[in-house]
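Chemist: Given next are the chains, with one letter for each unit.
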Amino acid sequence: MAFTTMVGAKIKRREDPRLITGRATYVDDVHLVGGLHAAFVRSPYAHAKIVSVDFKEAKAKPGVFAAYSAADLKAAGFEGSMPTAAELPGLQKPMHPPLALNEARFVGEAVAIVIANDPYAARDAAEAVVVTYEELPVVIDMEKAAEGGPFVHSEIGTNVAYEMPMKLGEVDEAFANADLVVKQRIVNQRVVPCPMEVRTMLANWEPGPAQLTLWASTQIPHLLRTNVAMMLGLNETKVRVIAPEVGGGFGAKLQFYAEEFLVCWAAMQLGRPVKYIETRSECFQNMTHGRDQVQYVELAAKKDGTVLGLRMKIFSNLGAYNYMLTPAIATFTPMMAPGCYKIPALESHLIGVFTNTVATDAYRGAGRPEATFLIERMMDLLAAELQMDPVDVRRKNFIAESEFPYPIVTGLTYDSGNYEASLAKVLEVSDYAGLRAKQAELRKEGRYLGIGLSTYVEVCGMGPSAAMPAPGWDSATIRVEPTGSVTVMTGVSPHGQGQETTFAQIVADDLGVPIDSINIIHGDTDKVQYGVGTFGSRGTAVGGAALKLAIRTIQEKAIKIAAHQWEANPDDLEYKDGKITVKGDPSKSLTTAEAGFIAFRGINLPAGLEPGLDATRRFEPPNFVYPFGAHICVVEVDARTGEVKIVKYVAVDDCGPIINPLIVEGQIHGGLAQGIAQALFEEAVYDESGQLTSGSFMDYAIPHAEQLLSFETDHTATPTDVNPLGIKGVGEAGTIGSTPAVVNAVMDALAPFGVKHIDMPLRPEKLWAAMQPKKNGQVHA
Amino acid sequence: MPQIEIDVNGAHHSVPVEPRLLLVHLLRDKLELTGTHVGCDTSSCGACTVLLNGESVKSCTMFAVQADGSAVITIEGIGASDALHPMQEAFWKMHGLQCGYCTPGMIVSAVDLLRRNPDPSDDEIRAGIEGNLCRCTGYENIIRAVRSAAAALRNDESRHSVAELLPVGGSN
Amino acid sequence: MIPTKFEYAKPSSLDEAFALLAEHGPDAKLLAGGHSLIPMMKLRLAEPEMLIDLAGIPGLTGITVRDGRVSIGAMTKHATLAASEELRQHAPVLFEAANALGDPQVRNRGTIGGALANGDPGCDYAAVMLALDATFTVAGKGGTREEAASSFMVGMFETTLSPEEVLVGVSFAAAPASAYVKYAHPASGYPLVGAAVVLSMNGDAISEARVGVTGVGDHAFRAGSVEKALAGVRPSDRTALEGACAGSAAGVDVRSEPAAGAGYRSAMCDVYVSRAVLAATRG
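Protein chains in written order, with the numbering used here: chain A, 1 to 781; chain B, 1 to 172; chain C, 1 to 283.
Any given hint could be a false lead.
Heads up, simulated BS3-like pairs for lysine-lysine below, C-alpha to C-alpha not over 25 Å straight-line [what the hints assert, rightly or not]:
#, chain 1, residue 1, chain 2, residue 2
1, A, 425, A, 396
2, A, 645, A, 444
3, A, 12, B, 93
4, A, 342, A, 396
5, C, 5, B, 30
6, A, 49, A, 93
7, A, 313, A, 10
8, B, 30, A, 10
9, A, 396, A, 183
10, A, 579, A, 560
11, A, 438, A, 93
12, A, 56, C, 5
13, A, 59, C, 5
14, A, 238, A, 74
15, A, 144, A, 766
16, C, 10, A, 61
17, B, 30, A, 61
18, B, 30, C, 228
19, A, 425, A, 444
20, C, 5, C, 29
21, A, 167, A, 425
22, A, 425, A, 144
23, A, 167, A, 313
Please keep in mind that the hints were generated in silico from the structure rather than gathered at the bench.
Just chain A, with the same shape it has in the complex (with noise of 0.2 Å):
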């Protein structure tokens, strides 16, 4: 049989018979034997102290077995704070107990936790608990936060968790020379994650083997489990966590929730299982927000469009407690600021702040969209005021393919790109002049075409371990089992990224053993290898990476053992199609499974070889990846209304090569998704007294079919010398990249009406202000 590439090749995904039957597990298709329900007592202020907690009606409800305050806790001798992760000079880390202590800090904060027989009776009786609050000032609002009191925390008497100011390159000569600064303060407005499946847990605690097992909904299992041992005080092997089939993440499973570690204690306290799944309306309140920034920016240029210099001042609201990684996200930011383009100069001051919302954290991007979007419009501005093409303006400063690795004021270096060539791409797939001239033409009806552009780079492949703030490499176990079939564990942990696809299609072609015959394991802490999961689009570009370092060392192992039988030297060996050969001389060949039964079964052996071929490897990468793009997005905006109607979306992306264009495509276009929803359709609103408005499905519009359009995409591959598979991540590029294409294509319609700028979402209502005739009784062109 001839071999056949696997890598490259549209592979349907091996993960999805089990998911298109219903038959695969998600948390809450977990069912054990003896198991309770826990429900949640939750503040319905945003700042308040507590004053009492009277479970006495709720304990006396039928089917409630405890119920638990965070002086319970205390009781019980747990006094600790929920972990955070991230690490910056000055940062404020006020104490997060896992249940409010003496003061709830943001609506929906655990108040306390009620464990029944069912979830039906564990709702019952957290109705019938009985707080006392006594409301205290709230504050909602970042820049007031900033500025003084009230305070989220008065034990800190600030609401500034941390400042970041940075100056590099010559930015007041840069700003003294410029022949135009361009201005303008952006918000880059708070959104929540929503994944299809909620916060979900369920906390088993086996008293005979003292073994504590948690089942999540996560994005992190070892992670999990070093933080709940580490809360607990219990050895770490004795903690096992599974990720099972994952319902979506989008970062906000990248987290260590108070209610995790919280049904583990209760489940240890009780000796029975006990299982919580949130509601959707507990979601939105609960779990991390995204985004959130408010930034003021000045870009300083030549009149040719050459930009000399980025100003920022930038607020990133923390919400009310440091999470795993709150105080991080906003940190790419600044450093992202530059984007594609040759900026020599830069100054930023970054402001983290507390106020009296859900904390927020990674949401797709973390902190890079927020840069893409905000150099991403600042060249739109700066083309408007030039009076310049977009393109022109963009070209002007690009670095240049032939300038790669290249380093960027902040520090970073880009690993490659071709930011001409994706430009081109998709000028020429959108018939980019066409386009424009249609513009022209429809303007004369009074109809009003955009165009939007955008050209991004973002970095992800989180990442060299001494630039981040947890580990950064990642592991994959492969074991040559004695009939030949592979077993592969990796250290990270998909949910929905399709690795149990393209991890097989890389073995299959460099062990040339069948697909079918390759298992993937993930997500279970007593059966793979420590790993450090899944986030900032780092599962192929790390995790794959590392399984790329096995298969080589199990390729090591193979030839010598090949070598041996042939009594030949291994330098002359090669594997070649999926089998070991004599290199030049195709006559002789030992499989894989061949190589791993001689190994298995200890005869034959080279001396000194020990038997058995499997291999666990870890990749740690020596930089980030930087993958880009350009997309054009093309709206007509109602006059009448406001109302804005996508009617062309052409995205180009450059990933590196690609494993399997199936699973990338279905990535972008998940990202296009989640980008153009920022842009026109979401936003987490709290109101003044810290209510979370926008708190269902009901008022905050992820988008329906109906509200998307068919994306129109294509690809340049320009590889990376960071990881050994040339590879760079994909999770979060649509997103980095549409969302300014959108807001750029919107603003381009608007053009005529004068309007250079509207934060998002661009909602009709904004719109349809900005185009009412001005009070002067102006008329626009």
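Please arrange chains B and C on chain A, whose structure you already have, making use of the hints.
Modeler: The following block gives chains B and C in isolation, referenced to the frame of chain A:
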């Protein structure tokens, strides 16, 4: 506690139910058919969609007692892995899912759409799944999958009609 | 997600239902399709102690057209209306509203009577019933009474239906020149503005117009001044049409929410009313 008679995926069940028990919880927790998911509490997301007497409904917005005397088809009854329904085949082939959480409800809704409209346009497909939210795919490949399944079903009407999914006497 | 406990009854006649209503008083709620009530119960915003399911009562479903009059049973599902060729012909305004309401699954369960009896300020049908000048048939222990749609809707979640009555049907004169257009909330799909228009034409000019609006105020209303202004207007004359539709929400306490403030909503009311008029003339 009222006793209800209900056919689920062709199997008859006689179950006592608390009146407030939601149909989705009967299916998931009592009948152990966990393919039907819960994604929200406002009847918005459609992850809990099942066929009730052949029509798509949100099983989180119905009490089990209301389904007394009815025939329900869940994702498990649409097709198993050794006998996939063309809609399931199409979702697989066109990569119409990522995390898979919305998928059972999405497939059931799409099956109901083709019952009403065997040859939908892309816009009609978008309207047909407006009761189902997906956060992963941007819907692009879901649209492709439904289009592909529609073509497959039109070319082979003998197989996998919705009527075939219904147990005898289940239709009204 | 989990409602409070309640008792459940499924009467097989209206008389049984009246007896249950009398027995349980304000603690009882009628259950039709449940797509307004059950979500409220799941969020514990409604906590009835007795739920009376109307699904077992015969004779409450169906669409009948007789002598130019359309009658619809209260328990008729949205999906039935949305697929009715008769409605498409005789009352496109209702056909379109049924298709614009909710989503396929909601339409497969929800009923016209349930939607109207709930008095939701965002009920699509409410505007339609006003434009059709529909008559509601309400049954009570003492017999049935008829009430005009215009007096049935009183306020937000408030109708003239007493706790001991059941809305059993609606009827109206056929209105082939009619249309419903809606500006939907991006998340909920409820109308920010829903405009229903029924026209009588004299050649290419409007002789009489009835305009119902929902989603804008605390309950649906007839845009009386617009109706007057539309008389004699040729819809092909866009300037005249838009002029006539201006101020459609005048005098109404227009609702404000993040998706649409009051000023914007009023302006959109004018736009969507004029679009509904145009749609009604497409014939």
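Chemist: All the hints need checking, so say for each whether the structure fits it.
Modeler: A quick look at each hint next to the structure:
no.: 1; hint: 425/A / 396/A; verdict: 17 Å, holds
no.: 2; hint: 645/A / 444/A; verdict: 19 Å, holds
no.: 3; hint: 12/A / 93/B; verdict: 6 Å, holds
no.: 4; hint: 342/A / 396/A; verdict: 9 Å, holds
no.: 5; hint: 5/C / 30/B; verdict: 18 Å, holds
no.: 6; hint: 49/A / 93/A; verdict: 20 Å, holds
no.: 7; hint: 313/A / 10/A; verdict: 45 Å, violated
no.: 8; hint: 30/B / 10/A; verdict: 40 Å, violated
no.: 9; hint: 396/A / 183/A; verdict: 20 Å, holds
no.: 10; hint: 579/A / 560/A; verdict: 13 Å, holds
no.: 11; hint: 438/A / 93/A; verdict: 55 Å, violated
no.: 12; hint: 56/A / 5/C; verdict: 20 Å, holds
no.: 13; hint: 59/A / 5/C; verdict: 18 Å, holds
no.: 14; hint: 238/A / 74/A; verdict: 23 Å, holds
no.: 15; hint: 144/A / 766/A; verdict: 24 Å, holds
no.: 16; hint: 10/C / 61/A; verdict: 29 Å, violated
no.: 17; hint: 30/B / 61/A; verdict: 22 Å, holds
no.: 18; hint: 30/B / 228/C; verdict: 60 Å, violated
no.: 19; hint: 425/A / 444/A; verdict: 29 Å, violated
no.: 20; hint: 5/C / 29/C; verdict: 13 Å, holds
no.: 21; hint: 167/A / 425/A; verdict: 36 Å, violated
no.: 22; hint: 425/A / 144/A; verdict: 45 Å, violated
no.: 23; hint: 167/A / 313/A; verdict: 12 Å, holds
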